[in-house]
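Trainee: Line by line, the protein sequences are chains A and B.
Anchor point for the first sequence: position 5 equals 779 in this note's numbering, and the numbering is continuous, going up by one each time.
Anchor point for the second sequence: position 3 equals 777 in this note's numbering, and the numbering is continuous, going up by one each time.
Treat each hint with caution, since some may be false.
Identical chains share a label here; the pair holds if one copy fits it or two copies do between them.
Straight line, CA to CA, 27 Å or less: simulated DSSO-like cross-link-like pairs of lysine-lysine [as the list claims (entries may be wrong)]: (1) Lys988 x Lys920; (2) Lys839 x Lys858; (3) Lys953 x Lys781; (4) Lys782 x Lys847; (5) Lys847 x Lys781.
None of these hints come from the bench; they were simulated from the model.
Note that the structure is a prediction, hence the values are computed from the model and not measured.
As a plain string of letters, each chain reads:
Number of protein chains: 2
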Amino acid sequence: MDIKTYKKNFDYSYTFGMFPTVELIQSMPDRVIKVLVSSHYKSESSADIFELCERFNIRTEINDKAIKRISDKDNNYVIGVFDKYECVLNPDNSHIVLVNPGNMGNAGTIIRTLTGFGLNDLAIISPGVDVFDPKVLRASMGSLFKINFEYFDNFDMYKKKFNNRRIYTFMLDGAKSLKDIKHDNNELFSLVFGNEATGLDSSFSFAGTSVFIKHTDRIDSLNLPIAAGIAMYHFCS
Amino acid sequence: MDIKTYKKNFDYSYTFGMFPTVELIQSMPDRVIKVLVSSHYKSESSADIFELCERFNIRTEINDKAIKRISDKDNNYVIGVFDKYECVLNPDNSHIVLVNPGNMGNAGTIIRTLTGFGLNDLAIISPGVDVFDPKVLRASMGSLFKINFEYFDNFDMYKKKFNNRRIYTFMLDGAKSLKDIKHDNNELFSLVFGNEATGLDSSFSFAGTSVFIKHTDRIDSLNLPIAAGIAMYHFCS
Chain A
775 MDIKTYKKNF DYSYTFGMFP TVELIQSMPD RVIKVLVSSH YKSESSADIF ELCERFNIRT
835 EINDKAIKRI SDKDNNYVIG VFDKYECVLN PDNSHIVLVN PGNMGNAGTI IRTLTGFGLN
895 DLAIISPGVD VFDPKVLRAS MGSLFKINFE YFDNFDMYKK KFNNRRIYTF MLDGAKSLKD
955 IKHDNNELFS LVFGNEATGL DSSFSFAGTS VFIKHTDRID SLNLPIAAGI AMYHFCS
Chain B
775 MDIKTYKKNF DYSYTFGMFP TVELIQSMPD RVIKVLVSSH YKSESSADIF ELCERFNIRT
835 EINDKAIKRI SDKDNNYVIG VFDKYECVLN PDNSHIVLVN PGNMGNAGTI IRTLTGFGLN
895 DLAIISPGVD VFDPKVLRAS MGSLFKINFE YFDNFDMYKK KFNNRRIYTF MLDGAKSLKD
955 IKHDNNELFS LVFGNEATGL DSSFSFAGTS VFIKHTDRID SLNLPIAAGI AMYHFCS
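Use the sequences and the hints to build the structure in full.
Mentor: Here it is as structure tokens:
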């Protein structure tokens, strides 16, 4: 196999750095093709990559040239190479839905946060970021490997497939303040967030309960992962 | 003056992009030295940079070479050049305190969020990011120009100066869950957050009330701006 700069159409991808690579190995060892290690790698007290790979029967390869070629930063000493995969969402779980997410760091941060709040399922309405991009994986700190995700061509397709839940759409001109939403813990929910620049269009006002997070008029909007984090905190804790 | 890549020791800095530059001009027109405009700049329906600068009597300069030299991205059509300044915190306000913040995007996001939740004062315990770095300014969406900020050599100096408030330190092993904190709105508070990688050390357990935001053990910690955003939402809304 060629080790080239990641592109969306590849059927494999990379984890950059120790932390996401360890998560990859522990979550789905069978999908790991190999682990590239820099000759400058120094074992950390908490985890040795060679030991870990040996335990899971994963091939390691010292290969500074390949690491340099595919890294976007200079400080990657460990890179996991793995087969991409597909999942489907669990209909018995609550979901996070991102409509056309555009920023990879934001998507990764949201994946990390939803994992932290005990959620397990992420729907992405296309077009949207490629969750297998190493930049998303890094921002997620490898949390992607612990969740289900699924892409949908449009929101209606998502909604038709999962019609057993309450839908909350987060919009600057939402009808209800998040503070006033009392959620029944026995009921499934989907929290829906729009694109960073454009938010959700007005059709989402009627897709469920539209919600705003109150903020001053000194800013245009909260940043997307912050809004999503606050919403998850409200619903999940 | 020389237009060079920004360095911390400069007594001026830059706003990259239309949005932060407009915030700069509207918040503190007297500090603007000039505005660099790309020959590729196209007026937006919402704001024309030449019109705005004329209204505030600010010099504009078409200078693609300077923009290319100092930009970190290719899509900056407008750059504000301004004199840096100092502020002091308002003792009659509640504060956000960042201890040794290391990531510029995170610091900017936190500044944007605190502005959105009606806070106005940010303390930074050194060493920490330079809030005038164009990367912080961009992530803050220009919100920095609307708040007071002040650097302190250590937390004790901050605490001595502002002893009229309740202090909440956010730590993974905090004593109280955020959910259980009932804050009296008449009382000033300071919310204290540690560095991205190391958090707050154990001395902060006794600096006030130590607080944790409950999350699953499937992640090591919430990302710093997410934790800060959730805390501000809890205290300010």
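Trainee: Tell me, in ascending order, the numbers of any earlier hints that this structure violates.
Mentor: 3
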